[in-house]
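Protein chains: 4
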Amino acid sequence: MAAKKGILARLDAGEVVIGDGGFVFALEKRGYVKAGPWTPEAAVEHPEAVRQLHREFLRAGSNVMQTFTFYASEDKLENRGNYVASKISGQKVNEAACDIAREVAEEGDALVAGGVSQTPSYLSNKSETEVKAIFRQQLGVFTSKKVDFLIAEYFEHVEEAVWAVEVLKESGLPVAATMCIGPEGDMNCVTPGECAVRLVKAGAAIVGVNCHFDPTFCLKTMKLMKRGLEAAKIKAHLMVQPLAYHTPDCGKQGFIDLPEFPFALEPRIVTRWDIQKYAREAYNLGIRYIGGCCGFEPYHIRAIAEELAPERGFLPKGSEKHGSWASGLDMHTKPWVRARARREYWEKLAPASGRPYCPSMSRPDAWGVTKGAAELMQQKEATTEEQLKELFAKQKL
Amino acid sequence: MAAKKGILARLDAGEVVIGDGGFVFALEKRGYVKAGPWTPEAAVEHPEAVRQLHREFLRAGSNVMQTFTFYASEDKLENRGNYVASKISGQKVNEAACDIAREVAEEGDALVAGGVSQTPSYLSNKSETEVKAIFRQQLGVFTSKKVDFLIAEYFEHVEEAVWAVEVLKESGLPVAATMCIGPEGDMNCVTPGECAVRLVKAGAAIVGVNCHFDPTFCLKTMKLMKRGLEAAKIKAHLMVQPLAYHTPDCGKQGFIDLPEFPFALEPRIVTRWDIQKYAREAYNLGIRYIGGCCGFEPYHIRAIAEELAPERGFLPKGSEKHGSWASGLDMHTKPWVRARARREYWEKLAPASGRPYCPSMSRPDAWGVTKGAAELMQQKEATTEEQLKELFAKQKL
Amino acid sequence: MAAKKGILARLDAGEVVIGDGGFVFALEKRGYVKAGPWTPEAAVEHPEAVRQLHREFLRAGSNVMQTFTFYASEDKLENRGNYVASKISGQKVNEAACDIAREVAEEGDALVAGGVSQTPSYLSNKSETEVKAIFRQQLGVFTSKKVDFLIAEYFEHVEEAVWAVEVLKESGLPVAATMCIGPEGDMNCVTPGECAVRLVKAGAAIVGVNCHFDPTFCLKTMKLMKRGLEAAKIKAHLMVQPLAYHTPDCGKQGFIDLPEFPFALEPRIVTRWDIQKYAREAYNLGIRYIGGCCGFEPYHIRAIAEELAPERGFLPKGSEKHGSWASGLDMHTKPWVRARARREYWEKLAPASGRPYCPSMSRPDAWGVTKGAAELMQQKEATTEEQLKELFAKQKL
Amino acid sequence: MAAKKGILARLDAGEVVIGDGGFVFALEKRGYVKAGPWTPEAAVEHPEAVRQLHREFLRAGSNVMQTFTFYASEDKLENRGNYVASKISGQKVNEAACDIAREVAEEGDALVAGGVSQTPSYLSNKSETEVKAIFRQQLGVFTSKKVDFLIAEYFEHVEEAVWAVEVLKESGLPVAATMCIGPEGDMNCVTPGECAVRLVKAGAAIVGVNCHFDPTFCLKTMKLMKRGLEAAKIKAHLMVQPLAYHTPDCGKQGFIDLPEFPFALEPRIVTRWDIQKYAREAYNLGIRYIGGCCGFEPYHIRAIAEELAPERGFLPKGSEKHGSWASGLDMHTKPWVRARARREYWEKLAPASGRPYCPSMSRPDAWGVTKGAAELMQQKEATTEEQLKELFAKQKL
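Sequence lines, in order, name chains H, F, D and Y. Mind the numbering: the first sequence is residues 8 to 404 in the working numbering, read in order. Mind the numbering: the second sequence is residues 8 to 404 in the working numbering, read in order. Mind the numbering: the third sequence is residues 8 to 404 in the working numbering, read in order. Mind the numbering: the fourth sequence is residues 8 to 404 in the working numbering, read in order.
Rather than coming from a laboratory, the hints here were simulated on the basis of the structure. Please note: incorrect hints may appear among the correct ones.
A pair counts as met if it fits within one copy or between any two copies, since identical chains are not told apart.
Straight-line Cα separation of at most 30 Å, DSSO-like style, residue types lysine-lysine; simulated pairs [unchecked claim]: (1) 378 - 12; (2) 324 - 36; (3) 259 - 230; (4) 242 - 401.
Quick caveat: nothing in here was measured; it's all calculated off a predicted structure.
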């Protein structure tokens, strides 16, 4: 794919790069990923399903096919009774994911990005050497499969993120790094600005946040990162890939703490109009790598592409089946639905939950457990009945 | 597929038959169906996307692959500027949909059902002969493609539904018929009980409701249908395929009237736990054909199969990637999420909307326009600017 | 007070008669009535507090001073450990209440109405003779104190209401009768229409509903009463005195079943604008005796008087301190509050609850216990610990 | 009243001093105060109404009768068409208010506090000399009427509050000072901690906040004040008198900015249980002067007294008519209401709003207008039509 412009060439030229959406959540709903372990063995078990989701994001406008390798480190694949690694090696999963991503990327104007994320080993107090070895294992696959660039994403601790960036930099490929933190900073209270600075210093050319918080919160954090970089007089490209769930009520650790995580988040799903607002604000903030994370379905990605079509000069293929700002509703049979074929209508609408017996916000269920705590330790065996009982007792229902 | 038990044999034996979910809404989000016309030309344009969705439903536990032929009548394909029919004939769409459904059905224990739905022609006051001719066109494809049975679904007027059943019966195949009505009955105020009786008398072996209302409302309507049949001493199998959106605030015409239709329904999406409750209640009511309509994603269908696993004796393939009642969460890294690996937790949870600036219910936006009204007339040409302006003026923002 | 026009003369002339608001709830908040027994001994213990509330309603526009004799029957005063009767006789309470009502009524254009309400004796299966004897005791005071007319209010069973009307009619005074029922009718499912007919046949000249439901529901019930009277070709004046609490989620027995009753109803309190809407709708329905019950504070009554000022030709005294439709806000210091000095602003406003962790509706906590049940039996002694434990066990928290 | 312990003697001894509730809001609902100007001429016009409210607070447990002199400065009495001063002099209003407060205080164990609050003159850029002259006018009445101590309350700018304290100190009486600010500080961004320090340095022996925010926010601000004083090694007594409205959605200027202010705040009214929680938290924070402001009705004050009864050793008189923690419900006729006679029930309850068409939070309507802005200028004449039109145009409905 020699002809394709690289990620940095695009960003340096001021182009908007649209990321993809959330694989684990989308494939969980489709039946191919198990909530709990959230591991990506589907790349081997059901390649057609993973390929189809890639295609949908490509069609929606994504310029990046992230390899479906989230939590594909060996230590995660064999954690807490999730004996995937015993049947399928981590290497196979990573290789299959690269092949699929490349296949679909070639069908359009997309790059392939190999991705690593935080490890149970780090939370279990393993050494820098041990943790870096894990990243290096995945990196081996990425380089042999010739991905276009690399992403270190979903880190709660800047220390581990820096280690990841340092390993990925060994490849010579461009590295992007995003943390799953909010405005309050990382688990050790390192501010977003400071996180950004450290990541760039470690070698990341693109920095930002992904997951854990909704678009509004992520953009708040991005503002702080931007300010931090400016204060340190450091230049870097900005990238944001938020949740597609509204999280006005999260604490420091994001949506994982919400009582609804992960099986009752439906009422929080953002609309395409929420996304258009987000894309515009991200753009205005100077962010040029704009994508999504958990909850982002193809139509959410398309909404980014439609909002920024004036700047980019074109619509994605998926817009063949979508009239911008609801204009397609003028083909609806019912006149009162045709009357909704306009921007003002959807911009003003405050959508009802249809759940009068439910509240609008939840209190986060954070236990304040952090790195090194016994309950966070990696454990190959399944959680025992005994262990579960202890947890149930701790939880107030 | 000579070996497969037919639909009536299954129902007569008291087996639970699990329907599939909503194609137009799911494929709209994936980028293959246009909201507004809602027509199914994707069966020709993107067969891999349609096939994948069929597979996901099969994997989730569906026993029926409904051909993706909703609104595939010739008069709908060329309505209001949706010039699909000029590029792809209705016959091609129907044939392609049959082929895909059959292909996937053969991969498991599923039957193929050919489906017809209400027509713009009926709303435009066309005669019984004209309307029936349209159904007969689709039926021709279904019989040549050897579907296993037929479904007449999504009818707001029992008169048109009866016409459809009468046509479908000409094939000699078993016929199911479901209306998109609520407890208040059809658009002419024919009660659900009376609708059921007329449909069975017209030849339907299976009757019920689909679309337009949430599970709770649909089951209310089913109770009335059941009582109507009992009062008339008529026997028939019962079938229900509701929305996967909460609609406590709908009027007679269902979710189409809600201001959020179709682009801001997200907060109303039901959870898997809502579905398990629904499946149990449907079963207890004596309904044995239990499926879904718009909004139903594969994981919703899987929830039906998991809830009724004790009765059926097996889990669907998709449950390999889903611990019943959240048990898979015992593999989660965070202890407070592992503590959610139990039924009581999810049954008690009232999920927050994450939208404190939004209400919990909406006032339906019903214009009281019914069959024969000028604004409901079929119109081949696109809605004009002039016509849109008139509609905007009628609508209070 | 010979010069004052009587209640029937006013209604016959088509005048609007404005009732008063809720005494037990208002005085509970002021510290003079105990929630639970809800008995009115404050008329003896703190006459100045009762007098002040009467004055506020008079000033707000009330044309009727109801004697503060709700639940002032001897059997209620000594129920379940509320040993009021042992200190102050029921007769004393009733007399004091009459004196206060008369004193304030003379300060303006108001009539005095003696009121009786449902008795524990009826719920305890006492005979017609026994129950009537209780009403007759209160009536004795009312006639000796020369009240202007009588009201039998807050009856859940039309049978007991008819008994009350029959007793009150013995006095020769005009009798009004209101039941605390909703559209579903009385506890024995007698429809509102039938209730109205029976009450008029028993001698009531004015009929309607009070308490238990919000203005919207009460007006629904009134419509049914009106239709019932019309169908029976019976003429009577109509009267309505709803709650000032929103109750969209009540079952048959009204707000008593709501989990929030009686100590967490605050978020349901209606605004003055809700009241203006109610007053207008009541008037349009042909109701001419329009007042309030529990939750109605003086400013709610004033809102009735202000809404109907065009019809009545005058404002109440209390409007000296209230600009109609918020016009007084033009004197506010802050410009953005002055900008709220207009009708459209308040009519459009959907007031937020300020409680994002709370739902918008509750499920009623109805036990289905009715007349004659052991738990409803009158009991002079306080509820025992044992009895409470049994109740706690029945209640799901 | 020589025998009564003074305010500082009480606080120095560690006693809890319970303040009173909100006069202008309570009397507005009763019909004696006009929303908009909010001036207290009722002390002259309707002394019985003011006296009754004082009595209710005394009975509820208040140890302080604040003279009803809020906004009783001459410049406020004649602002924007509120021509009170032309009929009743400010001196008369202040004198009458003192007499009533003293009369009721003598009926129990309460002190009289003369109160001054912020002035239109300050907002109109008048000089320190001019503003102080206004405070001195009110102070003259307070000293001649021999109040027990003085309160400078409801100040948005610490500068003006300091001026007020300096004037009040001239009397030699103890001075308390509370600002109507939130955690973000005063209108000029002076932090709560700094405000507290300046007030004490100016001579206040008691400092804190009142009005504008709900109990939760006020306690947050109090924490900051406490920390500020500790950091400056300054000792002072702490005092808090919050709103009885939930305001999770306020900006810097508090509830005045909420679209619901002042005529649709009902759904935000706090329950007695909210108050008990507040009283406990205030006590735990070390605050010993605990009262309320706008929205506080007598039963809210009683809830403070009941919560702190264990510490104080006695219940207020008003508790004769209130069973602590709902115990009085054991006298209710209905068994399911008797089952609510316990603390756990009410502590767990999340009260529904009964308003499914309303949101749970509002966006503040702050115009960012501050001291010296033309629209804040004092203006004797009524707001003109022209001026109103300009304001309406600025406001987005």
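Hint by hint, here is what the structure shows:
1. In the homo-oligomer, the alpha carbons of residue 378 and residue 12 never lie at most 30 Å apart, since the shortest distance is 40 Å inside one protomer and 56 Å across protomers.
2. Taking CA atoms no more than 30 Å apart as the test, residue 324 paired with residue 36 passes in both settings, with 24 Å inside one copy and 14 Å between copies.
3. Taking the shortest Cα distances, residue 259 and residue 230 sit within 30 Å of each other both inside one copy (17 Å) and across copies (22 Å).
4. Proximity of residue 242 and residue 401 under a CA criterion of 30 Å is satisfied in neither setting, with 46 Å inside one chain copy and 41 Å between copies.
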